[in-house]
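Trainee: Listed below, chain by chain, are the residues.
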Amino acid sequence: MSRSPYTTAANDPRRMLDLDPVTIRKARSLARRAGAPVVKLAKQHTTVSVERATLRLAGLEGADVEGIPWVNRLVDVVREQVGLEHGVSVPVWDAMIRTGDDLTTVAQKAAAGSVQFRVPEGKAASAAAKRARVQISAGIRRVDAQRAARDKLIGKYGNPPSPWIYLIVATGDIYEDMPQAQAAAREGADVIAVIRSTGQSLLDYVPEGPTREGYAGTYATQANFRLMRAALDETSKELGRYVRLTNYASGLCMPEIAALAGLERLDMMLNDSMYGILFRDINPVRTFVDQRFSRQVHARAGIIINTGEDNYLTTADAVDAAHTVTVSQLLNEFFAKEAGLQDWQLGLGHAFEIVPEIPDSFRLELAHAMLARALFPDAPLKWMPPTKHMTGDVFRGYLLDGFFNLAGALTGQGILLVGMMTEAVVTPWLSDRDLALQNVRYVFNAAGNLREDFRPAPDGFIAQRARQVLGEAVDLLDDIVDDTLLNAIADGTFGLMTRPADAGRGLEGVVRKSSAYVNPASDLLEEGATR
Amino acid sequence: MSRSPYTTAANDPRRMLDLDPVTIRKARSLARRAGAPVVKLAKQHTTVSVERATLRLAGLEGADVEGIPWVNRLVDVVREQVGLEHGVSVPVWDAMIRTGDDLTTVAQKAAAGSVQFRVPEGKAASAAAKRARVQISAGIRRVDAQRAARDKLIGKYGNPPSPWIYLIVATGDIYEDMPQAQAAAREGADVIAVIRSTGQSLLDYVPEGPTREGYAGTYATQANFRLMRAALDETSKELGRYVRLTNYASGLCMPEIAALAGLERLDMMLNDSMYGILFRDINPVRTFVDQRFSRQVHARAGIIINTGEDNYLTTADAVDAAHTVTVSQLLNEFFAKEAGLQDWQLGLGHAFEIVPEIPDSFRLELAHAMLARALFPDAPLKWMPPTKHMTGDVFRGYLLDGFFNLAGALTGQGILLVGMMTEAVVTPWLSDRDLALQNVRYVFNAAGNLREDFRPAPDGFIAQRARQVLGEAVDLLDDIVDDTLLNAIADGTFGLMTRPADAGRGLEGVVRKSSAYVNPASDLLEEGATR
Amino acid sequence: MSGSKTDKHIVRPYGDTTGDGMVQMSFTLPLPHDKRAEGAALQLAKKMGMDPAMVVHAKAMGTDFTFFVVYGAVQHLVDVREVQVVERDYPLLSPKEVNTAIKKGLRRPMVVVGACIGTDAHTVGIDAILNIKGFAGEKGLEYYSEVTVVNLGAQVSVPDLVEASRVAKADAVLVSQVVTQRDAHLHNTREMSAAFREAFPRDRRPLLVVGGPRFDEAMTAELGVDRIFGKGTTPGEVASYLVSSLVPTPSIRKKAV
Amino acid sequence: MSGSKTDKHIVRPYGDTTGDGMVQMSFTLPLPHDKRAEGAALQLAKKMGMDPAMVVHAKAMGTDFTFFVVYGAVQHLVDVREVQVVERDYPLLSPKEVNTAIKKGLRRPMVVVGACIGTDAHTVGIDAILNIKGFAGEKGLEYYSEVTVVNLGAQVSVPDLVEASRVAKADAVLVSQVVTQRDAHLHNTREMSAAFREAFPRDRRPLLVVGGPRFDEAMTAELGVDRIFGKGTTPGEVASYLVSSLVPTPSIRKKAV
Ligand code: B12
Ligand code: B12
Ligand SMILES: Cc1ncc(COP(=O)(O)O)c(C=O)c1O
Ligand SMILES: Cc1ncc(COP(=O)(O)O)c(C=O)c1O
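Residue numbers (the working numbering), protein chains in the order written: chain A, 1 to 531; chain B, 532 to 1062; chain C, 1063 to 1319; chain D, 1320 to 1576.
Warning: the hint list may mix true and false statements.
[To be verified] Per label pair, the in silico range of CB-to-CB distance:
1. C:R1252 with B:G686: 50 to 56 Å
2. D:P1371 with B:Q995: 47 to 53 Å
3. C:A1122 with D:A1540: 27 to 33 Å
4. B:L770 with D:L1411: 27 to 33 Å
5. B:G771 with C:G1199: 54 to 60 Å
6. A:A457 with B:N690: 27 to 33 Å
Hints are computed from structural coordinates only; laboratory data are not their basis.
From the three backbone atoms N, C-alpha and C, an ideal C-beta is built for every residue, glycine too.
Could you build the full structure based on these sequences and the hints that come with them?
Mentor: Okay, here's the thing in structure tokens:
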């Protein structure tokens, strides 16, 4: 992607909003200072999911008769026999060397209780580490190959114009999802997101195989990823346009799902550094460790992440809490770049969630959206439609979505999540998507260039509001730096959710690394090496 | 109304569009030159409807057993006995003096064939004229009184903010219309229009009494006017807001309906100098004579007229024919002012009728709407919603109406005709109006002030388009001046309708005035006298 | 997605899963907004076969009316085999083919008289069929060298139409009706067809064709006309129909079946 | 407009005239868009009691589906007398009244345990009822001095909920269910009520209350709960209900009837 593809000199939001560059720099350095300790913490720990992701990259697939994946069985046994502080790799490949078994066999035997793991020293240790690296690097190269394949297709078809039209399917049945996704693509969707079944993010394993039984969404499994990617490749070919596929990483299995996404060529992933903590009550340390590894994988896979600031506005008020969105965007940016992601990969989230009935609500939305555009000129930004204030009045809803689309056009958003008139009623119908795309098409075709005529004055309502939000964001970041990020989260700073660092789901899956900790996957990712 | 209530220095459309004042002046003088001959023509003729309107002002009401109004019976008999070139007044009041009968009795006897009319000379003539003036001036004073009553109510309640929200009712049954109109007013309508039954405009008489049987509209009768005005007065009181009432003048009975509107305190009237010609195939001379008298009455009654340029765009293409709208607006302005109407009374028409699917269609609408606003800074302007390109897709329709409302807000329109999502389906339902008003409220409350941020550049797409349309309008006016307006109309210049001056409905009702022509009503109106 | 396969004859509405039967509905009830009114709305939905049904939106409109939006699953099945449609039973001809057919078969220009009758002033539709300008990229009948068009315009009374048809020796009379309130289009059409049967001997009555966006094309018998054209009709379709029913050309007749 | 008078028991949908029965409907059929599909749409409308019905919009969505908008007159009559609604059968109390009632009647704080069960993570609704912040200008139950609130938050498993209720000696358990796809809310609620009947002797089982925007308030029996609250519920209503059913105060009982 070229530099600053979202603004022109004529409509440079920084100028129109008259933002002070010093304040902006200050905001970024505060975000760095708030995030640094958390990165340190993340480097000091590993999690069951990080170790399982490592095994998945090594090619360990499948599950036992109860559907528990072999990666889970293996990691659990290793942990119970020798602990995880050294990482799972050395003990497992040591066992493979000793037994001569392949990875799957070792996993099955481990489950059957017929393998004794150890933490070897000296030569044995380095031999095991070496073998592990060889096998895991093959997986990393598969991720590289998928990225190359994507680049090839995009080279062939080219990228769609901005914004990319992002549509959701959520039937719960992958075999209903596929034709619906293809229909949506034919109608003009550039990105298809398959919503996960409710609750999957709380499972400490990734289900296996194709699934037909999700609630309000479809399970994220390697098989489902593969089926949907294939269906969309077929449609991309038919349309001569590369249709991107999205799923969700955040949750208890962030690292593993990130690995599967890389292996199956997903193109975007919902991946937020704090969503799991705030909205799924997942332990903060667990989340911060997992998100770092998962983002390193995304960076390698050339996947665009979408962050979840929009969610805050579903629990907090979109005007009062506007600055918390900005703060979270800055933190997500810091964590993302630290993990190796680049600007073009940052689909930072924000949303059109202001009470529509308050005076000037539309202009307030424009102010917030322009601020995000101004702060992150090279990031695509993920622009989310109204949800909280949608009602059963589908006519009103269709109109609101039209104004949401207009705001997206006027402020140069990069990823436009298409709003559904039935938001307050049901998960989207086929016809809802069709109507929604018609809405997008009308607004962008008829009024998209209105951006040329949209010139908020630096002393006007919009610019003043944007500067006010930025000011509040800087103040909040100041407090967070003093108080530490973990405490801020514990105090309900984001989305009004209070999440103490020593509580929440998945805490038991967090392990402090020993000095002897080895993880070839992390090494390959940190080094950017292929062998 | 104060001067220039529709624009501010900051958003002066003339400046933003960089319109050349010389071109604007040229356009106006060309319109004057094109219209002058037609005014001359209008002054040289009278029509059966002008004479009937005169009798209505004198207080002649009611109809015979077949429902033919006495004014029709009387004018017909006078015409057949002594002709109309002298006007109906002198013969009729002469007869009254001779017989001692009152006006109604004379009309009834005339119908029964038991009165002999004559055209008196000398004293008798002036006596008759004097008596006629006395009686007719009473009617004029009733019109004045109604105007005073309106001013009093507005003084008490104040005027609604601009734009005025204009809603249509059209059940065909005045007794269903009333509660619907009251409901609409409660929901926020500032102006209620009762659509006429199809075909009434082709009747050469005004039906009598309350009616329940219209097709796609309700008959315009004095009784219906009175009933609806009373219903709205009641609601105005309840709401502490003066709710205006509108009906339609254009048609074969323009002068009479104008008189009734003045007598029953209607507040606005659809009154176009050419609509009857173009869309109802009414003879051009008949129409020009009638519209002049009717507008003199409106001027006196303090009624705001709404012109019908929007209709052109339902038969011609809104982009190709944009300049014909401008030309017609300039002509309507000229004829209106010549008849004594002032700027604040000129609801010049235009509409949001560009094919929504063409690129930049919304910005083209803005260009046209801004041009009208720039050319007529002190006129309210009547902004009509999309109709021709509305379809059975009511969701799309609701969205289009939202963008129509936005265009109205961005360009400072004074009278906003509320669009209905069912435009392509049925005459508006109660719920359609309610949804439509909700649409208007959202757009104006959330985005109304966006006008402050809407700054099309003088060299931009919008300004260039506006200047182009103005240029084409001037060229067309040039041709019309050369060719004469009557020929231009005959050649299908407006709305693609070809209407020769010597054809069309109602021609037989046109009479060239003799030197002895007397019409106290015209005199009172021209002089602005009350006695 | 078998339900979407056209070989399946029984289908149900489709929300997001085959066979879920989901539909959206909105309406007003003349009741003040309260729980009872919402119950009444549900009762109506149930009577219409929606089960389960949910009132997802209810809004008071003044004190006497409430507007509802209802979503739910319809239990009815749609049997596609039972659907009767007026399929085109004549070949689509190009203007050239139409002209030659008339030349060969009629040996004189075909005369077509058109009008909006009654109080209807919506001429755009009939003009789209008759005027050269045409519709949807197709030129109107005036463009056909072998067709003589007499367009009487708007708000023509039935007697005037009959008279004009007689004078013009019309082969076909094309009538447009757009206003449908209180079934105006049906009343006017019946009045028109009756008048023509009255005025012409069976064998010399011109072909009667009506059109408009709200007609049911299957009502020809009820309305006493020869053909009805609905929304989206193109001039070519009309010209082709006129040829197939007015021009005695076996060749074309054959194609028609 | 007599139809709008509430003394009229039989009503019909109202478009723009009393008794016209007009409704709007939209749906998708798994058929390619052609005349047959439009006929199928009309067939469905007729089966639903719409007559006449008109397909005013039909749009192909890909090759296998068509979206329709249909307008028409429903022939069914709605009998308002047959409507059953769960009317509020307890007096609305102010927080002050609630607190005094509990003090007087219970002589100890009332314990309320709340949660979103199953996989549902929509806490905004239950929080609106429980958190001090409250809803629609009313403070939540935490604000009541005499009510002890234990809010377990989202995605709580039924066993955990039962256990927590036992530990907290809950007088009432408040459960929220927002996700309704595949009737998740009904399944989860039944599972919950069964577990409580299992775990507690009849007389010591806490009062079971569920709520959510898509519940039918009349389904208490089917779901085995004591009360269901639907969309737009306010904390005050809940508090008043809890008092009327948990606090033995004749005075209040009287008001209730
Ligand atoms: C343009 C228009 C007008 C123009 C008409 C200009 C003119 N010279 O025709 C003006 C502004 C004058 C007008 C006035 C009125 N109109 Co008007 N108008 C419309 C509008 C916006 C578009 C109609 C149109 O031109 N469609 C485009 C043409 C090409 O489509 P079509 O007519 O369907 O024709 C096609 C087919 O039906 C078929 N066809 C049609 N006729 C025939 C005939 C034959 C022989 C054949 C073979 C085929 C055929 O072929 C055509 C091409 O495919 C509609 C709303 C809408 N969006 O539909 C309202 C609408 C038709 N009008 C309506 C009404 C009520 C009126 C008024 C009474 C008041 C008002 N609401 O404005 C007045 C009075 C008119 C009168 N006396 O009849 C209503 C009718 C309601 C109803 N169903 O009863 C509508 C639906 C708007 C509404 N919802 O209120 N109107
Ligand atoms: C906010 C929201 C979210 C937030 C939730 C944040 C949070 N901590 O709660 C986030 C972003 C996390 C989210 C996620 C998802 N959501 Co969500 N979400 C919504 C949304 C926009 C608003 C819900 C809300 O807060 N309403 C406001 C509250 C106050 O109203 P309420 O819940 O009805 O509660 C009131 C009454 O019902 C009653 N009440 C409710 N509970 C109880 C309990 C008791 C005891 C009592 C007495 C009363 C009571 O009192 C309350 C006050 O009046 C709705 C769409 C909409 N506009 O409704 C979708 C919606 C509920 N979500 C939906 C879905 C599918 C999801 C996801 C699965 C995927 C997705 N589409 O986003 C995920 C996964 C969530 C999960 N695992 O459950 C669907 C559910 C479809 C269905 N009917 O099955 C909806 C309808 C959107 C849609 N059309 O797809 N969501
Ligand atoms: C960043 C992010 N991750 C994940 C999810 C989905 O999480 P879950 O599957 O737990 O609902 C969302 C939902 O909006 C999100 O915004
Ligand atoms: C200026 C004007 N006069 C009158 C009418 C109504 O005329 P008729 O009653 O003939 O339909 C219209 C309709 O839009 C109009 O614009």
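Trainee: Hint by hint, note whether the structure agrees.
Mentor: Do the hints match the structure? See the list:
no. : hint                             : verdict
1   : C:R1252 with B:G686: 50 to 56 Å  : holds, 55 Å
2   : D:P1371 with B:Q995: 47 to 53 Å  : holds, 50 Å
3   : C:A1122 with D:A1540: 27 to 33 Å : holds, 31 Å
4   : B:L770 with D:L1411: 27 to 33 Å  : holds, 31 Å
5   : B:G771 with C:G1199: 54 to 60 Å  : holds, 55 Å
6   : A:A457 with B:N690: 27 to 33 Å   : holds, 29 Å
Consistency note: the structure conflicts with none of the earlier hints.
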